[in-house]
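Fit chain B to the given chain A structure using the hints.
Chains as they are written, first to last, in my numbering: chain A, 27 to 358; chain B, 785 to 879.
The set of hints was computed from the structure by calculation and includes no laboratory data.
Ideal placement from N, C-alpha and C gives every residue a C-beta, glycine not left out.
A few of these clues could be false.
The calculated BS3-like cross-link candidates involving lysine-lysine, where the alpha carbons are at most 30 Å apart (straight line), are [stated by the list, open to error]:
1. LYS256/A with LYS197/A
2. LYS54/A with LYS862/B
3. LYS862/B with LYS47/A
4. LYS47/A with LYS256/A
5. LYS147/A with LYS789/B
6. LYS197/A with LYS106/A
7. LYS354/A with LYS789/B
8. LYS106/A with LYS256/A
9. LYS256/A with LYS852/B
10. LYS197/A with LYS54/A
11. LYS197/A with LYS147/A
12. LYS54/A with LYS256/A
13. LYS852/B with LYS47/A
14. LYS862/B with LYS852/B
15. LYS852/B with LYS54/A
16. LYS346/A with LYS789/B
17. LYS221/A with LYS147/A
Derived Cβ-Cβ restraints for the label pairs, each shown as a range [stated by the list, open to error]:
18. ASP825/B with ARG347/A: 20 to 30 Å
19. THR102/A with SER835/B: 34 to 44 Å
20. ARG50/A with ASP825/B: 39 to 49 Å
21. GLY314/A with ALA860/B: 49 to 59 Å
22. PRO867/B with PRO63/A: 28 to 38 Å
23. ALA353/A with GLU817/B: 16 to 26 Å
24. ALA342/A with ASP825/B: 20 to 30 Å
25. ALA342/A with ALA850/B: 39 to 49 Å
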Amino acid sequence: MYTQALNQADTGSKLVEDADKLARFEAKIDAEERIEPNDWMPEAYRRTLVRQISQHAHSEIVGMLPEGNWITRAPTLRRKAALIAKVQDEGGHGLYLYAAAETLGVSREELIDQLLSGRAKYSSIFNYPTLTWADIGCIGWLVDGAAIMNQIPLCRTSYGPYARAMIRICKEESFHQRQGYEIMLTLCRGSAEQKAMAQDALNRWWWPALMMFGPPDAASVHTEQSMRWKIKRFTNDALRQQFVDATVPQAHFLGLTIPDPDLRYDEASGHWRFGAIDWEEFRQVLAGNGPCNRERMEARRRAHEEGAWVREAALAHAAKRRARAAAKIAAE
Amino acid sequence: MTEPKMPLWEVFIRARSGLAHRHVGSVHAADAEMALQAARDTYTRRGEALSIWVVPSAAITASDPADKDSLFEPTASKPYRHPTFYDIPSEVGHM
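Just chain A, with the same shape it has in the complex:
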């Protein structure tokens, strides 16, 4: 989901870089060595990583909103406890990722400022509303399922701090997908109305979930360079196909129908072939015209502004304690 940032054109200035250093850097990448914060790296590599990691962090944070919407209305205490834990995990994942981005020389404050001012993007998927409880099931099953598919290869990404953050995140995401599928399973084994609710949620989430992998390879600006630098390990289309192949049988197990009349199993290749994706919808959502873009940004800005006094008070309190301690030492 989060690699959508790799598809934006790199508009940074071209610097003349030391050919020797570049050659050594590329040799390291080719030898599957990890790049660490203090190592020399090309400016474009640094910019691409800052953009991708921060977009990934923003996605985790904004992603807390659609699910947070259902915490007070979860149908049982068990579901509620799981949903709170999941939303808390997303917050934690955002923090691991901001910390990884900061190792590249950008501050968390700057990154958050980029999100709140609308200069930074986050995953398109979080601009869709969560209308029923079944949407919480679909988010866990499909959205987290797609995220995991995208993120597992990122555990081997060439930048060390990003790879380490992804390892932690992947370990924690597995429960997210399973709790989502369990919600779907419960609904599908319930009343006719509950099953209809599950089908309705699948109908609305299926295509946006496929869009999470980003534009088709032919239209993806950055794939080639990012693959060469081993930031990205598989192309958008390869991951999307892997996701469809894994998910279609899971939908059949639930007794649900994938909302794609062109979906068919290709015996020869062993893949599920799917219909055309509406890329105009994807472009509109990324451009800020999705169903919930404004609401999401307003919620983030409000949370940031309403929490400002806490940050100020904590810093003032720490400064006062430091001053007192210094005065005490001076008096002795």
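Only chain B this time, still in chain A's reference frame:
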């Protein structure tokens, strides 16, 4: 508008008694007490720790990657520091 920066802290956790504290990541916090609290919420949600250390990031002095060869390469030419360098007849048994 960019806000004043919250200090950065490096977080180390001991997973089990008998193991050393190990670096797991970092947090931002105004003071040490809040850094501990944030580290607990961020890095120990699944029983990963028995103990946490937080250290101001600015207090860490790190070696320069450019000095890597002069600092660490010399050990590569000293195989006699390893037990396998020495030939002992197998009749002598485990040593």
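Going through the hints against the structure:
{"no.": "1", "hint": "LYS256/A with LYS197/A", "in the structure": "holds, 21 Å"}
{"no.": "2", "hint": "LYS54/A with LYS862/B", "in the structure": "holds, 25 Å"}
{"no.": "3", "hint": "LYS862/B with LYS47/A", "in the structure": "holds, 29 Å"}
{"no.": "4", "hint": "LYS47/A with LYS256/A", "in the structure": "holds, 18 Å"}
{"no.": "5", "hint": "LYS147/A with LYS789/B", "in the structure": "holds, 23 Å"}
{"no.": "6", "hint": "LYS197/A with LYS106/A", "in the structure": "holds, 21 Å"}
{"no.": "7", "hint": "LYS354/A with LYS789/B", "in the structure": "holds, 26 Å"}
{"no.": "8", "hint": "LYS106/A with LYS256/A", "in the structure": "violated, 39 Å"}
{"no.": "9", "hint": "LYS256/A with LYS852/B", "in the structure": "holds, 24 Å"}
{"no.": "10", "hint": "LYS197/A with LYS54/A", "in the structure": "holds, 27 Å"}
{"no.": "11", "hint": "LYS197/A with LYS147/A", "in the structure": "holds, 25 Å"}
{"no.": "12", "hint": "LYS54/A with LYS256/A", "in the structure": "holds, 11 Å"}
{"no.": "13", "hint": "LYS852/B with LYS47/A", "in the structure": "holds, 15 Å"}
{"no.": "14", "hint": "LYS862/B with LYS852/B", "in the structure": "holds, 17 Å"}
{"no.": "15", "hint": "LYS852/B with LYS54/A", "in the structure": "holds, 15 Å"}
{"no.": "16", "hint": "LYS346/A with LYS789/B", "in the structure": "holds, 17 Å"}
{"no.": "17", "hint": "LYS221/A with LYS147/A", "in the structure": "violated, 35 Å"}
{"no.": "18", "hint": "ASP825/B with ARG347/A: 20 to 30 Å", "in the structure": "holds, 22 Å"}
{"no.": "19", "hint": "THR102/A with SER835/B: 34 to 44 Å", "in the structure": "holds, 35 Å"}
{"no.": "20", "hint": "ARG50/A with ASP825/B: 39 to 49 Å", "in the structure": "holds, 40 Å"}
{"no.": "21", "hint": "GLY314/A with ALA860/B: 49 to 59 Å", "in the structure": "holds, 55 Å"}
{"no.": "22", "hint": "PRO867/B with PRO63/A: 28 to 38 Å", "in the structure": "holds, 35 Å"}
{"no.": "23", "hint": "ALA353/A with GLU817/B: 16 to 26 Å", "in the structure": "holds, 20 Å"}
{"no.": "24", "hint": "ALA342/A with ASP825/B: 20 to 30 Å", "in the structure": "holds, 22 Å"}
{"no.": "25", "hint": "ALA342/A with ALA850/B: 39 to 49 Å", "in the structure": "holds, 40 Å"}
Checked against the numbered hints above, the structure violates hints 8, 17; every other hint is satisfied.
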